[in-house]
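Trainee: Listed below are the residues making up each chain.
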Amino acid sequence: MKAHEVHEVPTPMTVKYWTRGTLIVGAVALMGMLGYLYRMFFGLEAATNLDDQWPWGIWIAIDVASGVALAAGGFTTAALAEIFHKEKYHVITRPALLTALLGYTFVVIGLLADLGRYYNVWHPMLPSMWQGNSVLFEVGMCVMVYLTVLYIEFLPIVSERFRGRVAWPGPLKAFNKLTEAMLALADRLLGRFVFVFIIMGVVLSCLHQSSLGTLMVIAPTKMHPLWYTSISPLLFLMSAIAVGFPMVIFESIIASRSFKLPPETKVLSSLANYTPMLLGAYLVAKILDLTLRNAWGYLFEGSLQSFMWMIEVGGGVILPIVLLSIPKVRKSVKGLFISATLVIILGVLLNRINVFLVAYTPLYSVKTYFPSIIELMVTIGLVAILVLVYRFFVITFPVIAVHPVDRAKQSAGVEMSPAGAKRNK
Amino acid sequence: MSLQRRDFFKIAAAGSAALLAGKATASTDSEVQDFKSSLGVLVDTVVCIGCRKCEWACNDENKLPTQELKAFDDKSVFARHRRPDKAAYTVVNKFTDPNTPEKPFTMKVQCMHCNHPACVSACIVGALEKDPLGPVVYDSWKCIGCRYCMVACPFQIPAYEYSNALDPQVRKCTFCFDRVTKDGKKPACVSICPNEALTFGTREQLLDVAYQRIRNNPDKYYQHVYGELEAGGTSWMYLAPCDFSKTELPLLSNDEIPKQTESIQHGIFKSFLPPLALYGLLGLIMYTKRHGADEEEDGHESA
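Going down the list, the sequences are from chains Y and D.
Residue numbers for the first sequence follow my numbering, beginning at 1 and rising by one.
Residue numbers for the second sequence follow my numbering, beginning at 1 and rising by one.
The hints are simulated quantities; they were obtained by calculation from the structure and are not laboratory data.
Glycine included, every Cβ here is placed at the ideal spot set by N, Cα and C.
Hints may contain errors.
[What the hints assert, rightly or not] Covered by chain Y, according to a simulated footprint, are these stretches of chain D (three or more residues, beta-carbon under 8 Å): (1) 114-122; (2) 157-168; (3) 233-246; (4) 271-285.
Here chain Y stands alone, though its shape is the one from the complex (with noise of 0.2 Å):
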């Protein structure tokens, strides 16, 4: 096991960016722009399907809400092998950082198309505007904080990539030098220092992870009993904290395939250990919260409500609890992909989506909410264009580690190509 990680290295992808695959993913990002746009030009009334009964719709419960949860493999995984320093695990760091990293950046794009005002998007850095009160305060700050924390985090991947290379094309050339400086100055004080932002990251990611459970508390006339407790924060936070292993065995399986890799099976399996256990933790606050509320009832109620909660836990929980403690499901890399993805990844967003719009009812609503085609667009878009970003991270930047052998496989396909060789410039 040992010999296996020493030799494997985190490195630049050398394949070429465009394939069929990715041309089609970039069809789907063009149609997200164009929804983006329209938004943007005809406002909020004209994109969406919201009104004054529903002002949140699918922005908030899937841009944001799922979209922070299903980036928390970057603060799990960043505890498990920075805090816990199970050094196993440092292969799939980076990916889980840059996860995050774009994760979150998206969230902010996203939410900046559901804000009526977004161009105020920064008040709430304001002295003046704090609002101790506001839980969206608290999720906002930590969110802003952690998006740069982990920004910081991924210097040093781009300081290993350039420093030493720095050569900025035409007039910018000036400018090499004084890069290379700032290079080296970072490299010389995250190297000291970094355990200060991951540890800050962990911390925050904790914090917005569970006050995004805490939003809907508001509002304890218009939650369906099955969702509205005051354990919610709870729930969120470790709900997030089960889904974030799952997400990363979910991107590296489809990373390795995609860049014609063998799949870090031992890796994954021995991750996929906890799985089990953290969301069984989950469950079981899930049922003794619904206990102690004396809420069962509500599930043999036969509304839609009652429904959606059997398939979210039935399914999104409990099953997978299941699977993953079937020592054959858990080693082979497609018993891992589809009780990772199918079932944990679905199932923690469908509690979202519980959560934030089906166990919300407003007082006098006449028509029940469904998203708009430019509201899908959008969000469907928007994780099309996470995916392409993403390629083009781990193509440029040393990010997904790879075993010397499997990397010349990789080049010797590529270098044949007249795309591939133009990129290695």
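Take the given structure of chain Y and dock chain D to it, following the hints.
Mentor: Structure of chain D alone, referenced to chain Y:
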């Protein structure tokens, strides 16, 4: 709850938690005042004749799209229950008590200007504020348009200008704030009301008036002043001929709506101790595990 809050602000004032000190201190007035002197309006739906002149006066005062006064005589709008929206801060609806179907009554609805407004607690930038005089006022200059106030409001009052792509605002009853505080007049709706169905005054005065009317005409009034206690009390209060479940007003407990989120919030951030403790704990784990680990390479490689 209030104790916790007081603690919180004490600490904030001490400077160790300067981060949250800013605007939040403004809401400590809930500790100082009991809202007796808050400005409010008593809506007496027993006296209301459903003339809808208040709707016209409101549109006129707030420069909302409107029609001539005569057009508001149209009673056909009562066919359905309307809600206040971006173009009408108040509307009058008609209700019938099934026990006395021959005597329908009419009720004006608008922002209740709560004593403990959920919208104010929710607002990320303090664009909505509870003025010490009572009204809940909105400052669009601060607003980022997140619409969390609309999620939070237990009366489902704030409306939004979704159709405005560049400068959308939250719209709701302003309590004619400038008219009342600067010009010393009554709110426009109260001024025009021909039948004194609307009474303007302090909450203390209004409650006296309300209970007096209930006492004097016990057969005409249902024995409850809506808004005295609901959701921790509201500036606008209602009298009705029957129990309030027959009206559009939501049945609420007396709990302040933002109570729970605020206590969770201030519990987590109590003088920043929990986050700092977590930070320290994680740091300790990082330190001890690092030196206890027998790995040959240290964590710096990827850091």
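Trainee: None of the hints should be skipped; say for each whether it holds.
Mentor: So, going through the hints one by one against the coordinates:
Requiring three or more residues with a Cβ within less than 8 Å of a Cβ of chain Y, the coverage given for the stretch 114-122 of chain D holds, as 4 such residues are present. Coverage of the stretch 157-168 of chain D by chain Y holds. Counting CB-CB distances below 8 Å, 11 residues qualify, and the rule asks for three or more. Look at the stretch 233-246 of chain D against chain Y: 0 of its residues bring a Cβ nearer than 8 Å to a Cβ of that chain, fewer than three, so the hint is violated. Given a C-beta distance limit of less than 8 Å, the hint that chain Y covers the stretch 271-285 of chain D holds, as 6 residues qualify and 3 suffice.
Violation of the numbered hints given earlier is confined to hint 3; every other hint is satisfied by the structure.
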